[in-house]
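With chain A held as given, fit chain B onto it using these hints.
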Amino acid sequence: MSEPILKTDGLSKLFGGLVALDKVDISIEAGKITAIIGPNGAGKTTLFNLITGVYPSSSGRIGFRGVSLDNISTPRRAGMGIARTFQNVLLFGNMNALENVMTAQHSRSRYGFLEAALRLPKARREEETISLKAVKYLNLVGLGMYARQNALSLPLGQQKLLAIARAMATEPQLLLLDEPGAGLNTLEKRELGDLIRRIREMGVTIVLVEHDMDLVMGIAEWIVVLDSGQKIAEGTASQIQRDPRVISAYLGEESE
Amino acid sequence: MLARARRKWPYLIIAAPLVFLVLIPFDWFLGQYTSIMIFIGINTMVTVGLCLLMGYTGQISLGQAAFYGMGAYISAILSKTYHVNPWLAMLIGAAATGAFAYAIAYPVFRLRGYYLAMATLGLGVIVYILFRELDQYTGGPDGMAGIPCLSIGGLVFDTPFKRYFLVWFFCLAILLLSQNIVKSRTGRALRAIHGNEAAAESIAINVTQFKVKIFVLSAVYASLAGSLLVHHLRFVSPQPFGFLASVMVAVMAVMGGLASIWGAIFGTAAIRILSDEVLAKPELVGWDVVVYGAILMIVMIFLPQGLFVGLKELYERWRLRYAERGAEP
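Residue numbers (the working numbering), protein chains in the order written: chain A, 0 to 255; chain B, 329 to 657.
In isolation and in its complexed conformation, chain A is listed as follows (with noise of 0.2 angstroms):
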């Protein structure tokens, strides 16, 4: 097995009297597309902002590439190649659907406040490769021709793709997504799919974070299951398929 992109040792997050993560170690494979699934309240979008570092953990530790994450900002993890999507997805609904994406190209720009508002050279050849990378990523999720609609008036479909192709234009590593196929037609997640294996094959690992059983199973190589906190089980899909403890934290226990 090659070296984890992402590691963590013993997380936990409490809320309060509220264990959230309960000393997680996950592995995070690179180049592979990674399921955390578990019911409602398991804690998976608490790793997911323990990742990001929208809170600190309560204890236990997370390592990027090796490096530790502990004191590093949110938006500097993401400059670091950590990039996420939300469940309620969280566009800017003052842009259009190209801006959204432009403005994700922030960290991969380098030209500051005074070459802005004098335009110089360097601001204008930033901005010339910044709208074509973000038409380049538009088009990768196929939403090319409503780039000048706002973002808000596409569809909850398109909106989900749209919040992929933002966060790809930060140019992650690796991708968090959380819960995309929520809200989503047989078709659009079957489309879904493809587009997270096409995301894979340009060399971006991926961890989703997901309920439609359908989607995991078609795509996910490796299987996180987290319940109340706490991991119970990981493995290939069809290894989850038959496990027992999986079974019964989705089934419940059953009675004698």
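Beta-carbon label-pair distances, calculated as ranges:
#	chain 1	residue 1	chain 2	residue 2	range
1	A	L117	B	A431	23 to 29 angstroms
2	A	R124	B	G474	49 to 55 angstroms
3	B	A423	A	T128	33 to 39 angstroms
In silico PhoX-like pairs for lysine-lysine, Cα to Cα no more than 25 angstroms straight-line:
#	chain 1	residue 1	chain 2	residue 2
4	A	K6	A	K31
5	A	K31	A	K135
6	B	K511	B	K541
7	A	K135	A	K121
8	A	K135	B	K511
9	A	K132	A	K121
10	B	K541	A	K121
11	A	K121	B	K511
12	A	K188	A	K135
13	B	K511	A	K132
14	B	K511	B	K640
15	A	K22	A	K6
Covered stretches of chain B, going by a simulated chain A footprint (3 or more residues, C-beta under 8 angstroms):
#	stretch
16	512-525
17	530-544
Hints were generated in silico from the structure; no laboratory data involved.
Backbone N, C-alpha and C define an ideal beta-carbon position, used for all residues, glycine too.
Using the frame of chain A, we list chain B on its own:
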């Protein structure tokens, strides 16, 4: 033919108002409005700063008059009491006001929404009281007169006619710089913060840092405007820098369309003319607060994007209807 004519339109759109602006102060044109136009130019500089902060970044400030006043007083005191070159005084004022804004920005931007509004409001009140009470430096409530004029080489800006061009040079320069910033990666970062802070952070935008930067920039704009004001009036007193002044800046920004740089001129002009020409009448004393409140409500309800963008949209709608009727002759 038609396509070519259409392509020439933008130049006309830029050139016509510029020519108009240049001609205003001449006596045979609109010379009698020179003075009010100078105030509109100065106020616009403050308004644009708030547009960047409030309209683009989504951060409220009800204390912009504090920075406006700091620029004014630093210029006044340095150039009059200490005989510092007025341009240098202006620069020192901008730097000091910017540094002051930077120092208070980190604690202030731990707050959001109403709390941020209250904190900046408090700041404005405190600074205003300092202007009034530090009378050995500021001249207290009576203010100080005899502030020198600005000059470049042999050109002394000693008449309103000359100062008109000086002020509008600064004003247009600031509008242009701001327009460029808004259209850049910085501008997108600011709008992203307004849109959603969590999402902005997830794409590597340092939210706090940008709020602080734009706050400092708005303070520097206001400070420059304050310096120009005292060299125009050649007098300074606390009166133009009170709480009502901060509210007026907010009303001007809202009126112009919070997220519109050029709208700032129109918003500022509309409110300035209203306050100087209408609300200054003796029988209307005290009604200004009521009128500003009403304007805020009406604009927010009916023209939420401000007067400028609102009218532009009305025009677009009219043009569309015109086109639908098959207007090609």
